[in-house]
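K.L.:
Next come the chains, spelled out residue by residue.
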Amino acid sequence: MRILLDKFSKSFGSTKVIEAMDLEVGSGEMLALLGPSGCGKSTTLFAICGIHRPTAGRILFGDRDVTNLPSQERNVGVVFQSYALYPHMTVEENIGFPLTVRRLPASDIKRRVAEISALVHIDNLLGRRPSQLSGGQQQRVALARALIRRPDVLLLDEPLANLDAKLRLEMRSEIRRLQKETGITAILVTHDQVEAMSMCDRIAIMKEGEIVQIATPSEMYNDPRSAFVAGFLGNPPISFLKGKALGGAFVSDDGNFRLPLGSLRDIGDGRALTLGIRPEHFGPDGDLAIEGKVVFAETQGRENLYDVVLADGSVLRSIQPVRDDVKLGDCVRWNLSSEAAFVFAEDGRRL
Amino acid sequence: MADKTQISVNFSSVPVIFLLTLVSLPLVLMYTYLFVDTISNSEAGSLIPNELTLEHWRFLWEIRPGKASIWLVTLNTFIFAASITAVILIVSSMAGYVLSRLNVPARGLLLAGVMVLHAFPSVTLIISIFIVLQYVGLYNSLIGVILVKAAIDMPLGIWLMKGFYDTVPWEIEMAGLVDGASRFTVWRRLVLPQIKPAIMALGLFSFLTGWSEFILPQVLAPGAQVQVLSVYLASLIADDNNFDFATFKAVGVFYVVPVLILYVFFQKHLMNIYGGGTKG
Ligand SMILES: Nc1ncnc2c1ncn2[C@@H]1O[C@H](COP(=O)(O)OP(=O)(O)O)[C@@H](O)[C@H]1O
Ligand SMILES: [Mg+2]
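These protein sequence lines are chains A and B, in that order. Heads up: the first sequence begins at 204 in the working numbering, then just goes up one per residue. Heads up: the second sequence begins at 14 in the working numbering, then just goes up one per residue.
It cannot be assumed that every hint is accurate.
[Stated by the list, open to error] Away from chain A, derived, C-beta distances all over 10 Å, residues of chain B:
| id | residue |
| --- | --- |
| 1 | D50 |
| 2 | G150 |
| 3 | L160 |
| 4 | G176 |
| 5 | D192 |
| 6 | S195 |
| 7 | K209 |
| 8 | D257 |
[Claimed, not checked] Beta-carbon label-pair distances, calculated as ranges:
| id | chain 1 | residue 1 | chain 2 | residue 2 | range |
| --- | --- | --- | --- | --- | --- |
| 9 | A | F499 | B | A119 | 34 to 44 Å |
| 10 | A | L272 | B | S141 | 46 to 56 Å |
| 11 | B | I30 | A | A317 | 39 to 49 Å |
| 12 | A | R205 | B | Q280 | 55 to 65 Å |
| 13 | A | A317 | B | F197 | 26 to 36 Å |
Hint data in this document are derived by calculation from the structure and do not stem from the laboratory. Beta carbons: idealized from backbone N, C-alpha and C, even for Gly.
Isolated chain B, as found in the complex:
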């Protein structure tokens, strides 16, 4: 890792940085304006704001007519994303181990099946899931949509974990067994710590996809009490009576801030998902 961060002697990174800056400039401009627009008013047709204001952020302390409190919605989103993360981590860290290490009958078929599941676009299933949820009484509840989202994201997690477990040497497990540890202890105390980077990465990944999920909550849990931020955001533009573009932008900024914070703090771990492997 250390030598990667060093500046290469043979290749100057200046041209690359210049090019990347040029390409991403429009994006940066758009984000800047997005933010500027939420804290200012400008005359119609003008790009230069003429007054600073906090009125677009009113949604933080006022409940808009016919809508849930933003804090309830944020809490819902957090519960949604965190629960998905927990379910995916627990299930795929165990399932990945089993698929990588234990003698599972029809392992190949199982792995292929899991992959096929992942290849299904979740939208194609949404009507049937809707009917199933309604039938079991989980429609319009957080639990229902959490289970559905976790199930849809699970195949990727299981495959990823299996791949990481495959890199852990067998000998470590054999040593654990002859040292007197049970199979579960071996997994928990010896193998799991080896793939900690992968767990971190998968956890973050799941949290972020949960945070940004829109279609599933929109269809399966649209009710005001169980709304998540993406659905709340969509309902703002769908609402023709109180159309307020600046508020929409402010909620948007509010929505991405946690994601940005996560990225800043855990960027290194997230990269691990692509770097792969453990380091002894």
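Extracted from the complex, chain A is given alone in its bound form:
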């Protein structure tokens, strides 16, 4: 079911958290709300599930206006960051709780609990209590509880934040599988760009209560609208060079480095610019040579990661297939792919 936020605003007392946000999530789509901690992701999520009442604006599920409906009547499933399992109930009672409060017959509840727990692979744990489960198992119970009454919308608040790296990888594909199998509309809140990119159809990136850009993961990676977006996506992250426009080219502050701006050639001279270069676009291949000293080297098994300090003190990151010939402290002369560099204005807007 489609979710639409129309000029949604939320403030707590005098602190404005979200102001006039517009967001549409298509039916069956999985959307990531990505942003740094404290930017209002959870607030948005809690407004959608009815725990927070919006200060202004409307929330629609399909064509139904649910703005003033209490949580109980919205039919949303929520997985909380801390899972919020009920500690005094068994797994079976936890999962069945949404049906129990709806006074379904016990036999129906039992059957549906069995169905859903098989779907999330915890059918052998039904008699346990949450404290007797591992993090990943608790996560699955929380998912099952959110899905059991076939909600219109599934909301996930940093569902993987409390898991270790291996489980995170496993649950990532698991959640995506469940979302696809059930065809449910889902919103995933996360501050981890890898999660957002790997799990979702589209990403809405947020900053200080505003959505900065909405796009598919690859669009957003290849065509970021601002320096903030470019800096948020990608691991290892993009590196930035400061400089200014001079004669249709980017010139670094110390004048040692010059990059023709191509389509942006008629930009005013002297205008401050920032250049964003992704680590994969700086290395042996490329069309624009640049010199620097390796100050950091790390191997990740398949690839090596280098930090190179340029003459003016700024740092470029590089990721390359494993090689043994470059050591810490070496002076290198590597190349930039000049078309792949992003140019940002002083306020962070992409040009």
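For this one, chain A is given, so just place chain B with the ligands on it according to the hints.
P.N.:
Okay, now just chain B with the ligands, sitting in the frame of chain A:
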């Protein structure tokens, strides 16, 4: 909990136990003699009893002149303590929740007010309460004194419950709401079970203070039909005509036995009031 009961490797508990024994020895001796005196007679000035007797326990099957039956008094005490417990538990488990969770106007003022009420020694109010009870016709009735005692003990209960509710994570309630439960169901089925240890502890605590309360029943419900054990006990020494010290001691022992039994069975729960918090 488990590791607390294990004996520490680094510190021997023997010296501590020895010291505690030494300090509590006089108390133990006194209690021993209290009990021994109720089942024996000894010559004046002697510490060694010279005959065993049950005559001091006669009050159990005889009604003393001018007094109510001990069983009626015990029943009264039980009703008194149990009703106080029930009233305190019901009211403070709800009020604590409201103060901890819901948007109450002037919550700070309310909490401070409740605390101030608790700080009042109940004796200072006793004359006015007496007059009020007489005015509404509850003087010399169990209901009256139950209401007064429960009201006086309530602030502590409310504060305690609020503190325990504060430790229950918000997310559990949010999850309950989106799972479709009403606010009341959330409280009853999800939150209340989390603070069960606190409920147990507060219940026991209230029962014990009710059981040992003296001043309020003495002043507000002194009549023979509504007497509680503490008042009965006091009336024994106040009675100059049939002064009987050994019977007084026997009634005293009779009075503390239920308390001891409660302690033995529920000691663990009572400790919870100080330990605090729930365990997930
Ligand atoms: N109940 C609340 N009362 C006051 N401020 C709140 C409340 N909930 C969240 N905030 C504030 O709103 C901002 C956004 O919070 P949140 O949505 O939780 O961020 P996140 O994106 O990390 O999930 C934060 O600055 C936080 O302090
Ligand atoms: Mg959050």
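K.L.:
Now, for every hint given, state plainly whether the structure supports it.
P.N.:
Hint by hint, here is what the structure shows:
1. With 10 Å as the threshold on Cβ separation, the claim that D50/B sits away from chain A holds: the shortest Cβ distance comes to roughly 49 Å.
2. The beta carbon of G150/B sits about 45 Å from the closest Cβ of chain A, which is more than 10 Å, so the claim that it is off the interface holds.
3. Its beta-carbon lying about 33 Å from the closest one in chain A, L160/B satisfies the requirement of being farther than 10 Å from that chain.
4. Separation of G176/B from chain A is adequate, the least Cβ-Cβ distance of about 19 Å exceeding the 10 Å criterion.
5. Distance check on D192/B: its Cβ comes as close as 4 Å (rounded) to a Cβ of chain A, failing to clear the 10 Å threshold; non-interface status is violated.
6. With 10 Å as the threshold on Cβ separation, the claim that S195/B sits away from chain A is violated: the shortest Cβ distance comes to roughly 7 Å.
7. With a minimum CB-CB distance of about 8 Å to chain A, K209/B fails to clear the 10 Å threshold, and the non-interface call is violated.
8. The claim that D257/B lies off the interface holds: its Cβ sits roughly 53 Å from the closest Cβ of chain A, which is beyond the 10 Å cut-off.
9. Restraint check, F499/A to A119/B: a C-beta distance of roughly 58 Å breaks the suggested window 34 to 44 Å.
10. Taken as a hint, the range 46 to 56 Å holds for the pair L272/A and S141/B, whose Cβ atoms sit roughly 51 Å apart.
11. For the pair I30/B and A317/A, the beta carbons lie near 55 Å from each other, so the given range of 39 to 49 Å is not met.
12. Between R205/A and Q280/B the C-beta distance comes to about 59 Å, which sits within the given range of 55 to 65 Å.
13. For A317/A and F197/B, the Cβ-Cβ distance of about 30 Å falls inside the hinted range of 26 to 36 Å, so the restraint holds.
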